[in-house]
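There are 4 protein chains.
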Amino acid sequence: MTDTLSAAVVGGSGFTGGELLRLLDGHPEFEIAQATSREYEKKTLGSVHPNLRHLDTRFSDPTDLESVDVLFAATPHGVSMQHIDAFQDAADTVVDLSADFRLDSEEQYDEWYDGHSCPEYLEKSEYALPEINRENLPGADLIAAGGCNATATVLGLKPLFDAGILEGDEQVVVDVKVGSSEGGASAGKASSHAERSGVVRPYAPTGHRHEAEIEQFLGLSVSFTVHAVDMIRGASATCHVFPTGPVSKGDMWGAYRESYDDEPFMRMASGGGGVYRYPEPKAVAGTNFGEVGFEVDPSNKRLVVFSAIDNMMKGSAGQAVHAANVALGLEETAGLEFTGFHPVGAP
Amino acid sequence: MTDTLSAAVVGGSGFTGGELLRLLDGHPEFEIAQATSREYEKKTLGSVHPNLRHLDTRFSDPTDLESVDVLFAATPHGVSMQHIDAFQDAADTVVDLSADFRLDSEEQYDEWYDGHSCPEYLEKSEYALPEINRENLPGADLIAAGGCNATATVLGLKPLFDAGILEGDEQVVVDVKVGSSEGGASAGKASSHAERSGVVRPYAPTGHRHEAEIEQFLGLSVSFTVHAVDMIRGASATCHVFPTGPVSKGDMWGAYRESYDDEPFMRMASGGGGVYRYPEPKAVAGTNFGEVGFEVDPSNKRLVVFSAIDNMMKGSAGQAVHAANVALGLEETAGLEFTGFHPVGAP
Amino acid sequence: MTDTLSAAVVGGSGFTGGELLRLLDGHPEFEIAQATSREYEKKTLGSVHPNLRHLDTRFSDPTDLESVDVLFAATPHGVSMQHIDAFQDAADTVVDLSADFRLDSEEQYDEWYDGHSCPEYLEKSEYALPEINRENLPGADLIAAGGCNATATVLGLKPLFDAGILEGDEQVVVDVKVGSSEGGASAGKASSHAERSGVVRPYAPTGHRHEAEIEQFLGLSVSFTVHAVDMIRGASATCHVFPTGPVSKGDMWGAYRESYDDEPFMRMASGGGGVYRYPEPKAVAGTNFGEVGFEVDPSNKRLVVFSAIDNMMKGSAGQAVHAANVALGLEETAGLEFTGFHPVGAP
Amino acid sequence: MTDTLSAAVVGGSGFTGGELLRLLDGHPEFEIAQATSREYEKKTLGSVHPNLRHLDTRFSDPTDLESVDVLFAATPHGVSMQHIDAFQDAADTVVDLSADFRLDSEEQYDEWYDGHSCPEYLEKSEYALPEINRENLPGADLIAAGGCNATATVLGLKPLFDAGILEGDEQVVVDVKVGSSEGGASAGKASSHAERSGVVRPYAPTGHRHEAEIEQFLGLSVSFTVHAVDMIRGASATCHVFPTGPVSKGDMWGAYRESYDDEPFMRMASGGGGVYRYPEPKAVAGTNFGEVGFEVDPSNKRLVVFSAIDNMMKGSAGQAVHAANVALGLEETAGLEFTGFHPVGAP
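Protein chains in written order, with full-length UniProt numbering: chain A, 1 to 347; chain G, 1 to 347; chain D, 1 to 347; chain P, 1 to 347.
Hints were generated in silico from the structure; no laboratory data involved.
Since this is a predicted model, take the numbers as computed values, not measurements.
One or more hints might be untrue.
Since the list can't tell identical chains apart, any single copy or any two copies may satisfy a pair.
Listed below are the simulated SDA-like cross-link pairs for lysine to any residue, each with C-alpha atoms no more than 20 Å apart in a straight line [said to hold, decoys possible]:
hint	residue 1	residue 2
1	K124	G78
2	K301	P243
3	K301	D169
4	K43	G273
5	K189	S47
The following block holds chain A by itself, in its conformation from the complex (with noise of 0.2 Å):
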């Protein structure tokens, strides 16, 4: 066992740093040094997460860093750009989990962002999404986690790629349900339990962001459409898929299985019976699962892939535990071990 390693979570009073910060309470390895909030310092952790009630730590100035192993930055997107230096001197290992850094070129990322405050670092960060691109990680010091769509969407399609089902110019739709957490914990009118609650709301229908990181992993252009779902957390991908030549149910499996079999976070739900028969948020809530399945749609000429995350796990806070456990060489399971529940409603 190694000495216990020192965490910072900048942003803790979002919904994303409160998970950081129960994730990193109940990891064998990591010590909470640090979290920050601006609107809630000197508050305790439980007076905005209720989970963190039994927690001593009250938020402090995130102008005034500690020096501490590892820094998780859960801000917007736009804000970890402005502080990367200040992240880098107050930790080795810096975790960001906004898109600041998540594309490779300033070129990519002026195409979907504005402007780059700092460009350089985003050929020197690595991209997280563990199971796609695990060896990258160790000793790396700034690594912008996967984002929950993108992650859904990528865990779906990236043993099609590998198996050679996929070559990269295919017809992709991939159409997304997401939950109300991915909106974060800044509530405006559309969000309020009242506009909220029973929709199927088409939110972002074309040109959304995470398209891009889609494209930069797989080579690929997807036709990529989001809609709002009454849950608060989960991400689901439905990815329909047009290859150039047939394709088989065992063909299928077998890019699963090889691709997956080995994944501690990877599990396959495809057709059998009872009621939980396809992926789905539910079955993960909770947990740093990845679910996939698909169908074969002959008549169609059409793949049907399905894959489900909890977009505040494996779609972010889980994400960037994992592959902080990686880079530092723990576990990669060490914190994330937990299964999720049955029944389980809307979490």
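Starting from the structure of chain A, add chains G, D and P where the hints point.
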């Protein structure tokens, strides 16, 4: 004003039957003469449908049909075809809400269902989606009200055919999200509250039977996938369309305006400000409205079409009453004027 | 038929204002002359309330009131008292939906609220809960529509006073459950979807201001506690009543029948079979109905009275229109005939 | 560290059985030796409980019990008493989660239930609500885990007895709100998603059997009413208490601190700022925590006590594992350390 017309509902204790009874109760021209239910015979309508507690009518035996002007059959698939002679003996106009008479030929039927007991009626019956084919309905003696998911899809795509934007050989993916009322009143394990709440659950990944109706109507083979989400009423179809040539926003607006500007039950919602920028099931809950909207995705040469209905209304009972109104020469909107609530949850 | 009456809604962009506009739009006797909103001035009603997209009316400046037959004020507590003179200049009949004019005296007001700016109106205004005091309304020029939680409670308990079962010094606990629309359209953190979904949250443990209305009406001091639960519309009051002597089921049925048998908006639901055995907010969602029911608990010498309303309707906008109907000599049920849906979720 | 203890779950396919299996799977001292289910015999645990898909264990025939260290019986009421001899043959320690052995005498049992088949066990068994009576559990061979609604109530009220604030003859109303998992996995019409969503439904207006447990424990006769609300997990008890003399906030804080300051599973939430000011089922969802809080209502001489638990955890499976931990001399919190999520919906 015409004299009151007498109406019967066969299968009155189911969800669709109850919605028909509600509509007939509030309809200026119809009077409920009979509502049948084997299970609830002699009980009041209100013992099953709490919104009908003010009525004295009791369910009666379905084998003892009264003579009425119009008979609505809200029975499970496969039942109406067994009783069609009795239905036609009882009423000059029969409106069937099941899939029994929606397809045009025995060949089509056998492709999607198992053996029709009276295939001669397939050709004789009139499919009803009044916005598209109201001219066929006056005087029809057997009307098959269009299915909910097919209706949502056809309402979204038909204007593109009429405007020449689609011709029938394009790639089209339809990703549908539906509420729990589609499963009907007979609850199984998968539809219990604890299992069904908060789901994004693929329940018809491929081969959904409504593909047949869509193909019959549009001459288009669609890649169709249905997900259960957490709402009671509502069907939302997102159509990802890949036209052969460039299509502008203006072309799209033109197509929808041309088709729907004079339609009493169609609303456009496409962009603009506010919370409700695109079609949403919530916004049409309880109404006979269909909402359509779209975005153009030039980078993927894609059109994204959104269509939302209340599956209990525009997708079944409302559509049936609308069709009966047209068939019998009544005001089209009679009994269907309700415009919806705000705010409203997961109705 | 009378000539159409012109109506204005001040505060038309809020939830209650929107509900008023919906009711007035469907009302056979009223015509919407004006809807005000500072925030949405010059925007269409449909830009805020999607169910009103078919209307051309736009919000106008609240400082520029038109002359109308009836003005409904749906502004936050404390606003109407600032503008009451302008309201009365604009309309012969003013119906206020806030708490500003519900109490009878400045003394009472100061006990529960902070300083009234025009206390002379407290005595002059008429409180409106038409089932209880419709005789006061004809010709009234300032009407204060009863509050939602008070209405639910008073509807449940008043018949027990009228029948002599209660006299005013009994122990009564009222445990109320309400939906998120009670909080209004201005969302704060506690009402965001992620924080508000799935709650059973004590939000007014003691000292809820509606106690004042109840006491004024019934002469009874009740122990009142309000919980937020996961629905949008609806208020459910469970009254635990400890009468001084024995009370039978027959006594209870007699009391409610005597009070409500001729009431167009009251329904009894007390025992019997089926799913909906007692009053439920779902069963009255969207309607102006109140449902009441009860059980007798002899082992605890207790009566349990259940009362359910839609807080947006019988608890505010519907009650206001009902009161206006009575005040202006119209049919009581005009514009309020909707009987509700089945199935229906968490509307 | 002790050697691993073997555990069996009889009735493993139900909701409570699944929760037990989840807890045992993650427990450092127990190993799942057997899970029985007549209906799902030979199927994997994961075919019913998707969160257990990683396990190879299959359900086995309940008539063929293995010899284990501890047997948990999660069968419907009335089943365990039929099989208690077989259970005791199979295991030295039997923990029953039904109501079969909760009451102390045949007389009590017959008052609330129908005829006990082995009343001699009523006296011999130990009721388990460890915060209240953990001293009885070490070495017990038959333990009856306390019922969910009784547990919530007793946790809220017991400290007031210990502090002398209550003595047993006070008027106490307990208004409980529960989620749909209390109904178990066997769905009926009333628990279908369409009928159960969005409810505030009185389902046990009077005479709930948990009154018996409460009275046995506290010597207090409570007026008990249970409502179903829209959540999956969770029970919330609001106790309206009328003490004979004046009670201050300080008295209340003192009482709860005295009782619970050293309890590993009890949290206080009473006032303060933020969104989560009082106990809420959401805040303890998935955990074995109980939260209690209160307000003093001097104007009504009332105390309002709030108590919230997860009915699947502190109200059944978690309580059973907690009791087994104590009975077998393990760390009390073993396997029960999870502290909950934020945000979380209607789990």
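| Which of the numbered hints are not met once you compare them with the structure shown? | Of the numbered hints given earlier, the structure breaks none, since each of them holds.
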